[in-house]
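Each chain, letter by letter, is given below.
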Amino acid sequence: MSIQTLLMELVLMPLVAFVVGLFMVLMLRRIGAKLQRRVGPPVMQPLYDIVKLYGKKTQISHGWMHDIGIVMAVGGYVAAETLLPVPGMDGIADKGGLVTLVYVMMIPSLGLALGVGQCANPNGSIGIARALTAMLAYDVPFVIVVFGVAWYFGTTNLVDIIAIQQAGGVAGWGATAMPLLAIAGLFALQGMLGKQPFEIYIAPAEIATGPMVEMSGKYLGGLFVMQCFQLYTAGVLYVSLFLGGGENWLFFLLKVFAVVAIPMTVAFLFPRYKTEQMIRLMWKWPVMIGLLGLAFVMH
Amino acid sequence: MTPLDELLLFSGLTLVFLLLLGRFSYAGKVATVFYGGQLLFLAKMADRIVDGSIVTFSLQVELFGQQMSWRFDALSWFFAVITLGAGLLSSWYASGEWGERFRRRGGNLWLLNVALAANVFSMLILLGSGDLLALFIGWELVSWASFLLMTVAGGRAIQAAMRYITYAMSGAMAILAGIVLLWSHAGGLQYGQIIEVIPQLSQAQVWLLVALFGSGFAVKMGLLPFHLWQAAAYAETPGPGAAFFGAISARMGLYAIILVLVQLIGLARLSELMIPFTFLDMRDLWAWIAVLTIILPTYIALRQSDARYLLAWHGIGQGGYMLLGLVMGDALGSAGGLLHVFNYATNQAVLFFAVFAVMFRTGTADLNKLGGLITRMPISFFAMLVGIIGLAGLPPMNGFVSKWFVYRSLMIEGEPLLFLGAIIGTLGTILSVYKLIHNTFLGQLRVEHVEVREAPWSMVAPMIILMLLIFATGVAPGLVLDWVALVQSAVGLPVVENTLGGVELASGSLDMLWVVGVLFAGFGIGALLFYSGGRTRQVHQLDNYAGGHFLTAEIRYHYSDNFYAGLMHLIRPWYRGSFVWLESTLGSLLGIAASLIQRLYGALHPSIYLLVTVVVTLTWVLL
Amino acid sequence: MSKKVTPWLDNLLQEIEGIEIRRKDSRRVRIDIAADSLPTLLELLRGRAGYVHLSAITCVDWIDESQFELVYQLWSYESQSLVSAHIRIARDPGVYVSVFDLYQPAAFFERDIHEMFGVYFEGSPDMSKFILTEWNGPPPMRKEFDAEAWVNETFERKEYQPDWLKEITEQGGGIVKSPEEARQKKP
Amino acid sequence: MKEIDIPIEASVDRNRTNPLARVFDELVRFCRSRSMFMLHYCTGCGAIELPPAMTSRFDMERLGIQPMVTPRQADILLITGYVSIKTLKRVILTYEQMGSPKYVIGICSCTVNGGMYWQSYATAKQLDQYLPVDLYIAGCMPRPEAVLEGMRKLMDRIRSGEADGWKDYYRRYDWYLGNQQHLFGDDWQTPADVIGEASHYDLAGPGTEGEHTRLLQQCQKPLEPQQTFFQIGGSLEVKGESHE
Amino acid sequence: MRPENYQAISHPPSNEYELNFGPNHPGIEGNYALKVKLHGDVVVAARADGGYLHRGFEKLMEGRLWIQNIALVPRICVPDPVPMEVCYSMAVEALNDMEVPERAQWLRVLQLELSRIAAHLFTFGGHAATTGMYTTMYWGVADRDQILDLFEEWTGGRVYHIYNIPGGVRRDIPAGFLDRVSHTMDYIESRLPDYDNLFFTNQVFVDRARDTGPMNQQQALEWGVTGPNLRATGLAFDVRRDDPYLVYDQIDFDIPTEAPGDAWARTLVRRQELKQSIHIVRQVVEKLPSVSGPVRTRIPNPLAWNVPPGETYTRVESSKGELGYYVVSDGGDKPHRVHVRGPSSMHAVQVLEQLAVGARLEDVAQIMFSLDACPPEVDR
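First to last, the sequence lines map onto chains S, V, Y, X and D.
The first sequence stops at residue 1770 when you use my numbering, and every number in between is there.
The second sequence stops at residue 1619 when you use my numbering, and every number in between is there.
The third sequence stops at residue 168 when you use my numbering, and every number in between is there.
The fourth sequence stops at residue 250 when you use my numbering, and every number in between is there.
The fifth sequence stops at residue 383 when you use my numbering, and every number in between is there.
Bear in mind the hints are in silico, worked out from the structure with no lab data behind them.
As the structure is a prediction and not an experimental result, all values here were calculated from the model.
Keep in mind that the hints are not guaranteed to be accurate.
Below, in silico cross-link-like pairs of lysine to aspartate or glutamate (EDC-like), each with a Cα-Cα straight-line distance of 16 Å or less [as the list claims (entries may be wrong)]:
| hint | chain 1 | residue 1 | chain 2 | residue 2 |
| --- | --- | --- | --- | --- |
| 1 | S | LYS1528 | X | ASP31 |
| 2 | Y | LYS5 | D | ASP100 |
| 3 | S | LYS1528 | X | ASP208 |
| 4 | X | LYS227 | V | GLU1550 |
| 5 | D | LYS40 | V | GLU1550 |
| 6 | D | LYS40 | V | ASP1557 |
| 7 | S | LYS1528 | X | GLU102 |
Construct the entire structure; sequences and hints are all you get.
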């Protein structure tokens, strides 16, 4: 691969992720609107919000770590996108692999946690404490899934994983070979996106949106951008692991949107759990299903 | 003179210098230079080590007709580098204002410096041991030197040190028994002889051997279930001592485990030892001990409210990763384990330095009495940030690389449960280190800390060096992996094929140069996006959302205690159920032993105590 | 459904001095009693007659008589009747005893009366301000406090004379006569 | 719905000469008008008509309006009805914590002139004496349709750049502060530093500082300095050890 | 100096910290505040802080004519204004010894019950929103609007109706109105299964609400709790039945009760009350055509209406509990004293403070909403 193509991919991949992410946010809000029997926002609404927030006149900061936190939150996801192969673009996916991706995806959370910490708001701190606890909860089934997939395909290189799946057609998809792990993965996805019933760290009625509590202007805008990336990353990762990645952009996007629509729909039909209820649920059913699936895979 | 002669001589000289002239205020600075000198001698040795040859010590001692010899191979050299590095930076840290304050407050700086030098010296002797007898003597010296350093602070530290020495003595007994067992079969204690005799031993004998040596070394390493002494003993040690302990001291146990279990007995032989009534073999047992050592102490650390204790408990937990990697026995895993020794030492040292810098300025390490210091001690904050990213094992710091190696090894070997355990430990680490940095540096700045300033240069400089080291070895892990590869070949493990940025594997490789490069490119884009927005303006911390209310400085609104309350609601019963039961059972057993020993020595002054014990040890060894 | 307050209670109540009982209807009883005897009465009503629910405590300012009237509304779930006990206390100094030990809801009402009328209740658990925490004036519910005057003194009024209103006024519509004026004409 | 003359000092928006910058400004103004986050703060009874306006029947989100929880996140402060003096303090704090550009909508008649509580000792009468009100929606209480209509009007005004009450607050801070001090007492203070903000963003005007701000500085309880200290000290003193 | 009201509950060196619920907080109902002191996520002390909605109603009413006050009273409880009008009108009628025509009484019952349905739908929405279940809120508020439409057609006002006046009601129902009422009732009844599936039987919600803020019957009686909160502890007390007013003694309805007294029971009681109210509305719709006659009695010139001296205490059952008006007349054209006993003044202050202690941070908002506290009633 020439260096020019690589550089182009490194620029394009985050950009595509952002644009697709914007539409995912739109879909999230539209699904909510449909379930709540109303119209919902206009198509460009997510973009309006972000442009407006970046265009605020006063930007209230609580210190330099607050600033750096947002930079890390957005930048970490920008970096993560280049580790995530999409049709026609592999980026540096073969330089890092699945484990690295999982860990790079924690960087934005860490940045956010530090930034929120400096805001010196108890609501934010509780929110971060809950977010990290939630991470502990959903990562257990998630790593079982990651392990199972890596074992089944014999590699942690996402490019190879996708190639192996595509070679076998639908029958070769991870979801066909490892249905139980795919189900466990859906649970983890719900937790990863922090949607109800696992929406414990935003919880407006309890901690006034937790980490977002002191975020204004471009800080909040950064979080909105991060949300786009987060939805995209979670969707694409799931598709890459279980649904054969993307043969072409059309099918790829169809699959990604379909996957992300599941947690979004569930989100509007449930209240949120308490923290320990969430952990208990996450460590019970998905882990059980995941371990069972793992046992099948490793046999 | 071989380089090893020079090194040991110079190290002994440092000790003698401090013993004689340690009372002068410049002694600490000179000692720091001396440690630097020792490091130079070590560097001088490097080309021979790279060749794979062994550097010997000229002096040989004959005891009971046993030839005692000392030599450095790649394994010793690798550990010695870390030891001296930790010694150098700790001494540097102590040599300036910190030491001055310590002395003014009535601390015995002379004893601290001497104990540090004694530790370094004895560890070098241990690392250089060329046969089991020398190993045992070195082991005892290290134990007593550690004890000396632990007692410097007095008070609660003495209790912790007593507990330690109880454990250490019982561990030494086990080792001695193992040595006797081997000696009775091999007729000698040279490594060569032992390697020959091991295959002839029966399964039961090897079983006993592994149990004896293993438990003896595990005490020092703080492996489960012998971990209970360590946290208090390390945390109560004053500043640089704690950093030194945290960085390397416990790793002597790992060194011995590598030497005896991996090099002499061999991992293959371990796999043959089945555990009765189970489908586990000895190696699995070690792996599970490692995983439990990762998980349990990490989650105990989560509950600590004293920053030093929190770090000390993590020290125990991180040892599990090293052992886990090693027991996997493949190139990746053992490389990860060995690399983690280095990485962890840097992380732990910088974290302890940062915590003691905070203590230096505020007088407390109680996580509930701090907060908001980021604006007052930004460099210490940054040091702690780098440290926690490394300790938690996130890119781009070096801790990520070693943990990645261990994970990949577990994935390739097909150990899902061990993998899960390791990940749960990592997640617990992330949780508790965030608590550490949040409660110390983030959140509400307390009224009484408004005047606090950054720590002085003598304390900041070692932190900056360590930060750079952590980052550099994170970006280019190949630098350390080269050494690790040497160690692997010296020990007889498969050698990892590393590149500068990590490792190339058919089943998914790692190139940190790329990963970090892209990460920082991402940060760049993030920053670009961020600074494309309007100008920021910093507001006061009281200009804050409080449900519409007005905040005043007198109100405490910093969330610090019981930080992961939601999680604790679920897992608190487990602490009560398992950990406390474990601790109380072991505690009552060990309490009996401890009380016996304490009754003997408890009344004595530490220095007299030391003298007596040295005499006892010498007579014991000689007779 | 409706039960009458039992005769024995009537007899019992007669024993308290200075008590005057009036039945308004089958479910409403009014008792006027001396201020000193009220705790005894309430104790009787609560302990012996099942009036466990304190519905309200009201303070009425009789400024002409220089007295505060305190009205305790008590409801019995068993006999399903409401007793209102009326006492009068002196307006100055305006101190009375709390009935919190008998009826916990009294805490709220007494606190409220304290900040609105300035009546102090001895033994009430919390006499700190609840509603008027940022009010520095006199207790506003006292009759001598003229809220309207205070408002006129403190606030400006927005002049609102838009053209359309002027037109209407010119045509003889709009507000030509204030309610006060309208009332003045009738006796 | 007749317009009421609101005493806001007219300001001239500096139109940038660079055509690209003007397009950019236009874009930002457009997005501001299409994305209005209103603060979730029920100050009075008019708040009861906001849920209907938000929810399925009238669905404010169609217009890009959505409720936000904290003042930092919000653009629009809806004063839904009477403000008691106790609430007014919180409202002012909340307003000052919001990021500019920010807009205040006075819903219900009470915000205009006290409404039916004109003789109440507990409520403030004219909201625009304390905060720059961009738009009033009269009625007791205005129906959801009226609220939406008002929002549409505000959108137009934001789009055209007329809704600049927030600039007025910076420019005539002294006047607003004077009214606040008149009502709350001379020792009135919020932790937000409006004057500092105005000068930082070059929004200060001749009326930013005056006698009332001087009074504020006299009576102010100083806030501790909060900037980061990067210098590395050499003192051996321990600060705050007394607390141990 | 900042406002003095901020009384910190206590100060360090304890490790507890303070958190403010409200007044600007989604976890608080209306403009109200609850200051809590927490250890971890468990509340160790709670203090209600009211007065944000204080307008001095009782003072205002002393300065206005008897008839003018009709416009004032509904503002006291915004989500459920009708009982305020009815209760005040009943008080004035009692002072004047005035008879209310039967048709007016039935109309008042109709209005009271419609208002109760609207208030309960609103409460469910709020309660659901505190647990992150926004769909219920969106549905509930939109369905409540159906009832507001009825009110608007009937009285001209969506929220405040100023419809009940001393002596009766302002005017009769418009033509065909009863059909629309029954149609709306059919609609709301048809929506109830959806609500059940989405909210009341949602396992996640049940897990959250069970054992949250429990209050036993003994405590409820001690604390003076009334209304659905009392009935959720198992005591079947309802002013409509036990101290009947209007024509409630001619109407057939049940008083739903639940034993546990937790947030779940309180919500369930309201859910059943909704059903009962629909049942009552149906009965009124059936009965109304057969009751003819005027809808109000003549009153004197309202601008110079001197009410005979006296005092009275009237109570009605509002959606939050027992609502009482103590009205004193000194024979003038304005009341001498009006005291409003808002039902929330019990459970929004003392009960909330006590239930919050020991509760989890997650549950504080839920407890408040499940008690259905209405701050303007407290502040007045």
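* Going through the earlier hints one by one, which of them does the structure break, listed in rising order? -> Every hint satisfied by this model.
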